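Single-letter residue listing:
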Amino acid sequence: MSVVEESYDVVVIGAGHAGCEAALAAARMGLNTICFTVSMDSVALMPCNPNIGGSSKGHLVRELDALGGQMGINIDHTFIQSKMLNSSKGPAVHSLRAQADKSAYSLRMRKTMQDTDNLTLRQAEVTDLIVNNGKVEGVKTLSGAIYHAKAVIICTGTYLRARCLYGDVIEHTGPNGLKAANHLTASLTDNNVEMNRFKTGTPARIDSRSIDYSKMEIQLGDTPVVPFSFSTNPDDVQIEQVPCYLTYTNEKTHEIIRANLDRSPMYSGVIEGTGPRYCPSIEDKVVRFADKNRHQLFVEPEGLNTNEMYIGGMSSSMPEDVQYAMYHTVPGLENCKIVRNAYAIEYDCINATQLKASLEFKNIDGLFAAGQFNGSSGYEEAAAQGLVAGINAALKLLGKEPMILDRSNSYIGVLIDDLVTKETKEPYRMMTSRAEYRLLLRQDNADIRLSKIGYEVGLLSKERYEHVVEKERLINEEVARVKEINIGARKEVQELLESYGSIPLSNGIKLVDLIRRPELDYDKLAPIDPERPSLSNEVREEVNIYIKYEGYLTRQEKQVKQFKKLEKKLIPSDIDYDDVSSLRIEARQKLTKLRPANIGQASRISGVSPADISVLLVYLETYKNK
Amino acid sequence: MYQSDTICAIATSLNSSGIGIIRVSGEESINIVDSIFRGKNKLADCDTHTIQYGHIVSNSEVVDEVLVMIMRGPRSYTTEDTIEIDCHGGVLILKKVLKLLLDAGARIAEPGEFTKRAFLNGRIDLSEAESIMDLISSNSELAMKNSIKQLSGSLNKIIVDLRDKILYETAFIESALDDPEHYDLSNYPDELKIKVEDMISSVDDLIKSFDSGHILKEGINTLILGKPNAGKSSLLNTLSRRERAIVTVIPGTTRDTLEEQITINGISLNIIDTAGIRQTDDIVEKIGVDKAIDSIEDADLILFVLDSSRPLDTDDEFIIDKIKDKKVIILLNKSDLDTVINEVNICKKYDKPVISFSSVSMDGLNTLESTITDMFFSGEVKTDDTLYITNSRQASCLSNAKNSLMNVIASIDNMMPEDFFSIDLMDAYNFLGEITGETIDDDLANKIFSEFCMGK
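Note that the protein sequences, when read in sequence, are chains Y and F. At position 522 of the first sequence (counting the first as 1) the number is 521 in numbering that gives the first Met the number 0, and the numbers step up by one without a gap. At position 438 of the second sequence (counting the first as 1) the number is 437 in numbering that gives the first Met the number 0, and the numbers step up by one without a gap.
No incorrect hints appear here.
The list that follows gives simulated cross-link-like pairs (lysine-lysine, DSS-like), each with its CA atoms no further than 30 Å apart: (1) K424(Y) x K164(F); (2) K446(F) x K563(Y); (3) K523(Y) x K192(F).
Just so you know, these hints were derived from the structure itself, not from any lab. Being a predicted model, the structure only gives us computed values, none of them experimental.
Starting from the given sequences, assemble the full structure and let the hints guide the process.
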């Protein structure tokens with residue numbers, strides 16, 4: 000029997016948020032790339048919440064953009080509402096979140112893919128990996144067609160052996176009734192890949208015409224809108240925004256849920272997968288937080304060309320009739336009509352400790368993995384990994400060293416390090432508290448942190464990179480200038496201070512000390528700083544942050560210096576931990592299993608103590624000299 | 000674990016009087032010592048491999064007259080900048096100087112850490128590597144055992160509770176940052192300030208109890224053993240020169256252990272009085288007896304008291320069998336009464352020093368003291384240095400935790416945004432965790448998920 004046989008440099012399995020970024024990165028870096036999807040109508044699909052960004056996820060998008068990824072640009076063109084979260088808090092936790100027009104988002108990403116040179120988008124289910132002598136050589140599809148490749152990136156999201164559940168209804172499909180991918184798992188286990196099974200869920204979508212918005216609080220977007228991408232002109236995103244709404248569950252809702260718990264597959268034991276604790280279904284919330292008499296619900300539009308409204312905060316796997324009953328208890332939803340049921344979804348994914356920080360499998364050469372397949376959750380987490388996997392697959396084929404982001408330069412680095420170092424027992428979500436150096440990893444300086452890397456791997460244009468270099472120069476110059484300035488107790492100074500309710504001066508003072516006063520900032524003091532050059536918003540913002548929080552920033556910079564020392568101490572890949580007799584047994588087992596790349600990573604493995612690390616350091620020293 | 004932070008330790012024996020040396024090594028060692036040293040010149044301005052005369056000061060008060068040797072890296076044992084301070088004021092002063100160094104930013108060295116650094120910096124022969132690795136792992140286990148041993152149940156509970164409170168507040172702040180539409184932080188800083196002030200006063204109480212030595216059980220662990228009414232409590236009272244144990248002639252009065260710290264010729268002893276050991280059916284008394292037998296293992300020195308007015312019996316034989324592998328001084332008590340036990344016979348039989356003693360007439364007290372002193376200086380009896388290291392480390396963790404909590408207050412007063420509070424709160428949390436030997440896991444994420452309802 001003759002079959003179709005084609006050859007590519009890179010095969011990407013899946014065209015979700017991870018797959019799109021991976022395929023775009025590889026193709027843009029000049030590699031001949033093919034990207035498979037089970038449906039051409041579901042490229043960059045958002046099957047759950049209609050947002051991009053949010054706390055810490057906004058950081059991921061910014062970083063991805065600084066490296067040359069697509070998500071930021073795509074949402075800037077397709078958002079319908081935008082907010083900067085936490086704007087009253089410190090600059091490190093400011094985070095952008097936009098409501099997306101889901102179908103516009105998906106269509107624009109598909110178009111971008113199809114307009115990209117070297118990139119083929121193909122509808123087909125990949126069923127088999129072709130692996131020989133520990134090296135991936137291509138994939139096979141359901142039809143038997145063979146696609147030879149030097150690198151394969153798995154981005155199967157929630158599609159592997161997926162099943163959707165509500166009540167006693169079980170459908171063997173991926174999200175939104177899309178075809179599940181039922182064969183690839185077997186091929187993976189054949190190649191000794193260790194699989195996990197996770198679950199997640201989504202709320203119902205409601206017909207907007209059946210909602211009484213007068214009983215809800217309206218939630219508007221910010222003006223002016225701040226774009227996600229550093230390349231987007233802010234003037235281009237000042238669009239007319241659509242509102243979202245806020246309402247609450249109540250005791251009646253909770254009574255219905257409690258009375259029907261035995262009908263939820265979560266509680267009747269039908270669901271096997273591990274669900275995320277941070278994104279609990281409404282049943283979970285009612286059971287686990289029994290003392291709360293109400294939970295917030297966000298009612299958000301799914302797009303401009305549909306009347307579906309997403310009911311954020313009320314995902315569920317209850318039977319259809321219970322869903323109706325519980326939604327009907329909510330103010331404004333008394334007469335609501337469900338367009339799509341809420342459901343839980345189970346899927347196969349991997350234990351990501353089988354991967355290196357480059358997202359390549361430790362034991363299968365040329366095989367990479369990204370996104371929910373790696374046990375993460377969220378569009379942004381997926382996209383960030385996709386970009387890294389795509390870049391590293393391409394760098395590998397180009398004969399270059401992999402791009403390793405670390406905990407000190409990005410949230411993406413934190414995300415990947417956590418995934419490949421800690422054995423995650425539930426879908427992993429990014430949070431700002433996971434980033435120990437978060438004061439340095441702000442969304443406002445993602446370009447300064449990462450543009451150089453994006454430019455060097457060949458994804459970011461020279462023009463964009465040079466813009467960042469110039470921006471950094473202006474910031475440093477201005478910070479240095481401001482540090483030299485002393486302010487006397489002149490009449491105009493006192494008047495300015497009084498106008499902001501700030502204590503007048505009794506003596507001269509340094510300008511930086513005035514900027515550090517809580518009620519003042521860099522911009523407010525412009526009138527008494529006549530020598531100040533005219534600078535852009537983005538530069539002024541950085542100058543203000545550097546000066547205002549200098550003490551804390553220097554502290555974290557010092558910690559980063561320590562951190563880097565340990566990251567630089569590499570562990571040879573052929574080390575035999577059984578030779579290191581002084582290691583405790585638990586540490587030896589963990590190290591043997593996870594094979595960390597460096598001492599820093601080793602120190603973050605649970606079960607490895609500081610004394611084990613000391614022993615390892617001494618051992619490496621002797622090893623080096625052997 | 001951190002390779003280049005600055006470490007310090009007392010390099011000489013802790014119990015000998017007179018001169019003692021403190022060694023400091025690491026990037027910041029010169030600056031740190033400069034901050035507590037007053038001499039003719041700043042050490043930073045002095046040449047390497049010179050000795051400077053001056054004083055160690057605390058809040059402009061002189062603590063000790065010292066000689067300071069400066070060895071700039073790489074020409075030092077560790078190849079890092081190293082300072083040695085020769086102190087002259089005895090053990091207490093030595094400890095005080097060490098504490099000043101810790102407060103100024105140095106960290107107490109782990110056992111073998113100077114050697115480890117020397118090794119990692121290429122200073123020592125590779126053949127020593129194996130022994131260094133063994134030293135590190137065995138010492139860290141010992142230190143862990145010590146740190147758990149030293150934390151009484153109640154103290155441990157205070158720290159665990161305190162950590163839980165800190166984690167809860169941090170998790171609340173973080174939940175509000177992750178999900179600002181669910182959790183509101185307005186007015187929270189004022190609430191937090193009150194809570195943190197409370198935490199600080201708990202930490203202060205802990206620091207005080209460390210300082211006053213209630214927790215510090217340094218010195219030679221000396222166990223007084225004997226059958227009931229042999230005169231153990233009288234011995235303790237004689238040594239500590241005050242009535243502490245209840246002394247009666249009714250056998251079995253000391254049903255629990257009693258402890259006392261005393262100093263003999265500059266050597267500190269942690270003396271533990273135990274219940275008399277004998278076969279008994281009394282449940283309460285039996286608990287005391289078992290406890291006494293259990294404590295034999297941890298003892299550095301045993302004072303075995305025999306009543307010389309009564310002949311040896313099976314209870315005495317039983318005790319002698321239990322302690323045959325330990326350092327023991329046998330005391331023939333009640334030498335003022337008619338003795339039936341002969342000093343020479345006992346000496347022959349057990350091959351341990353024997354002293355005739357009377358707690359009534361104080362006969363033999365001087366001999367006992369000089370025997371203990373000799374045994375210490377000959378190295379026959381040793382104190383456990385890791386215990387001291389554990390103590391110092393725990394004390395500096397407490398003061399670091401306090402500083403972090405003070406930073407939270409400062410941030411609140413300066414109206415810093417709430418996300419800055421969690422940074423210092425987590426620092427305090429981690430410092431306290433080092434005391435109880437907790438390792439850092441995903442505590443915060445777990446707390447956020449378990450206490451606060453998040454998400455879509």
